[in-house]
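Asks: Sequence:
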Amino acid sequence: MSNRRVRVRFAPSPTGPLHMGGVRTALYNYLFAKKHNGDFILRIEDTDQERFVKGAEEYIIESLKWCGIEPNEGVGFGDGAHAPYRQSERKPLYKQYAEQLIKNGHAYYAFDTKEELEEMRKRIEAAGGNASYNSITRQNMRNSLTLSEDEVKKLLENKAPYVIRLKVPRNEEIKLQDLIRGWVVVNSSQIDDKVLFKADGMPTYHLANVVDDYLMQITHVIRGEEWLPSAPLHVLLYKYLGWEEVMPQFAHLPLLLKPDGNGKLSKRDGDRLGFPVFPLQWTDPVSGEISSGYRERGYFPDAFINMLALLGWHASGNREIFSKEELIQEFSLDRVNKAGAKFDPEKTKWFNQQYLRKRSPEQLAEIWMPELQQKNIKTDTNYIVKVCALLQEKACFVNEFWDLGKYFFEAPGQYDDSVISKKLNPQSATFIKLFTEELIKSTDFSASTIETIFKSCCETRNIKTGEVMQLVRVSITGVSGGPALFEVLALIGKNEVINRLKHFIEKYQVNGL
RNA sequence: GGCCCGUUCGUCUAGGGGUUAGGACAUCAGAUUUUCAUUCUGGUAACAGGGGUUCGAUUCCCCUACGGGCUACCA
Numbered sequence: 001m002s003n004r005r006v007r008v009r010f011a012p013s014p015t016g017p018l019h020m021g022g023v024r025t026a027l028y029n030y031l032f033a034k035k036h037n038g039d040f041i042l043r044i045e046d047t048d049q050e051r052f053v054k055g056a057e058e059y060i061i062e063s064l065k066w067c068g069i070e071p072n073e074g075v076g077f078g079d080g081a082h083a084p085y086r087q088s089e090r091k092p093l094y095k096q097y098a099e100q101l102i103k104n105g106h107a108y109y110a111f112d113t114k115e116e117l118e119e120m121r122k123r124i125e126a127a128g129g130n131a132s133y134n135s136i137t138r139q140n141m142r143n144s145l146t147l148s149e150d151e152v153k154k155l156l157e158n159k160a161p162y163v164i165r166l167k168v169p170r171n172e173e174i175k176l177q178d179l180i181r182g183w184v185v186v187n188s189s190q191i192d193d194k195v196l197f198k199a200d201g202m203p204t205y206h207l208a209n210v211v212d213d214y215l216m217q218i219t220h221v222i223r224g225e226e227w228l229p230s231a232p233l234h235v236l237l238y239k240y241l242g243w244e245e246v247m248p249q250f251a252h253l254p255l256l257l258k259p260d261g262n263g264k265l266s267k268r269d270g271d272r273l274g275f276p277v278f279p280l281q282w283t284d285p286v287s288g289e290i291s292s293g294y295r296e297r298g299y300f301p302d303a304f305i306n307m308l309a310l311l312g313w314h315a316s317g318n319r320e321i322f323s324k325e326e327l328i329q330e331f332s333l334d335r336v337n338k339a340g341a342k343f344d345p346e347k348t349k350w351f352n353q354q355y356l357r358k359r360s361p362e363q364l365a366e367i368w369m370p371e372l373q374q375k376n377i378k379t380d381t382n383y384i385v386k387v388c389a390l391l392q393e394k395a396c397f398v399n400e401f402w403d404l405g406k407y408f409f410e411a412p413g414q415y416d417d418s419v420i421s422k423k424l425n426p427q428s429a430t431f432i433k434l435f436t437e438e439l440i441k442s443t444d445f446s447a448s449t450i451e452t453i454f455k456s457c458c459e460t461r462n463i464k465t466g467e468v469m470q471l472v473r474v475s476i477t478g479v480s481g482g483p484a485l486f487e488v489l490a491l492i493g494k495n496e497v498i499n500r501l502k503h504f505i506e507k508y509q510v511n512g513l
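So the first sequence is numbered by our numbering: it starts at 1 and just counts up by one.
Errors might be hidden in some of the hints.
[Stated by the list, open to error] The calculated lysine to aspartate or glutamate pairs, modelled on DMTMM-like cross-linking and capped at a C-alpha distance of 20 Å, are:
(1) 103 <-> 70
(2) 324 <-> 70
(3) 347 <-> 393
(4) 264 <-> 225
(5) 375 <-> 400
(6) 406 <-> 380
(7) 494 <-> 444
(8) 54 <-> 89
(9) 65 <-> 225
(10) 264 <-> 344
(11) 198 <-> 325
(12) 507 <-> 496
Read the hints as simulated data drawn from the structure, not as lab findings. Keep in mind that this is a model prediction, so the values were computed, not measured.
Please construct the entire structure, taking both the sequences and the accompanying hints into account.
Replies: Given below as structure tokens:
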């Protein structure tokens, strides 16, 4: 068993867009698989027909693609030896296992109606107990354990609706070793007789999950902590199905918590605090409501993945920036934390900033280009690359570039008033005029030449650089901050700079001051 | 309520029977070219509480508190 090929799966339900917590689960599965040269499988668990949401499956697939965590097999990624990977398409497979359990005395038919179940719950709760369908209460319900063989036969023949429940033993210790949490021991009396097979002919999660993991030869089940309470039930199923020898190892991941307050991170938190909780933008097919996504917000997938990987896992050192390949190298389940992690939108931005810095100006230009084309900016690529090189030190996202540096493409429409009122005075005005004249005379327009001219003008006018530096920036860019000024001027070019200076002089009647 | 899991700066975390308990984000202060939303330097800031075990506990054990999860013919 220990030398089986590592096979893990990500098994989401298509009930809506994939939450970033889900992406992290997929990521850890992916990293683990790659680390051990194993397989990563995408299985769609669509056994609940009522909660099915149109487009959710496509969304999951697209999200994984964008994140660069692509499965080797699975829905949307090509069939392997274990197709199909959609549980609704595997429907005929499950019943035999439920029946096998009945045959072995580990499961039974139950014919109770919703009303009967409700009644039982009320009765027990009224008596101060914890209502559950278990080894005690099952004795008073309508099932193949209490009904005679003939009655059961008749009911089945008459197509009476039924479910198949697991016959959980009365008082048995169930132990499982979680790769992250160590030994977890639960007494079987705490587990109820879970429905394995529903009246609609579909298996429930518990049955389908165990059967498919077995059939798909899954070696490690890496999933969210919300599954920990039902893990003993799954252990029981492996045992009763006779699959104990090949039971996968379990690893239950800590949950992602909301940034403030308490509780699981939810879509509402994102709306409330202004950050996406989904990798991609999602439009609800019913309400039409749009939820923002990391991709649309301008995050790089590798930055997003890096951030997610570090939320609940950490390599041994102090390093925080890891490429996908480095994550694969470093990843191990025993370094996954036990406690839930509060999500931090600020740090997420920081990660993106780090990745923005690491991108080449050429790469950034390519990303930015569509926006510029849309704005009808006609400039050659070479120029844009240079602009990107200056802007990348100032931004967290490419989509901030335009606001930060539109002056590279057009003269400022307005000037920063606070700088004008603070710095524009008769003395600085004479400087601007002189500086403009000197620039006109200059044959060279490199950053260093501009700087030399600037400094000599300062000397001539006997004025400190700090008194006029910002004013010059505003006169040309309109704004008070930005990349190295002389680099900016050199890039904008002599003609344009002089035109803008002249316009500025005219507008503020610098001559007349 | 019951059961399960957890608890190191505000947040993500490193560490681990003896440490000045380390890093990052955030925050604050200082410095730098000249502007800063850059960069650099520095500061504030944590082992939930109580019992054990031990020469010694933040680290191991127990209890309490707090937090989270589960408690469906949902996954």
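Asks: Please go over all the hints and tell whether each is borne out by the structure.
Replies: Evaluated hints:
no., hint, in the structure
1, 103 <-> 70, "violated, 40 Å"
2, 324 <-> 70, "holds, 12 Å"
3, 347 <-> 393, "holds, 17 Å"
4, 264 <-> 225, "holds, 11 Å"
5, 375 <-> 400, "holds, 14 Å"
6, 406 <-> 380, "holds, 15 Å"
7, 494 <-> 444, "holds, 9 Å"
8, 54 <-> 89, "holds, 17 Å"
9, 65 <-> 225, "violated, 25 Å"
10, 264 <-> 344, "holds, 13 Å"
11, 198 <-> 325, "violated, 43 Å"
12, 507 <-> 496, "holds, 16 Å"
Violated hints for the displayed structure, listed by number in ascending order: 1, 9, 11.
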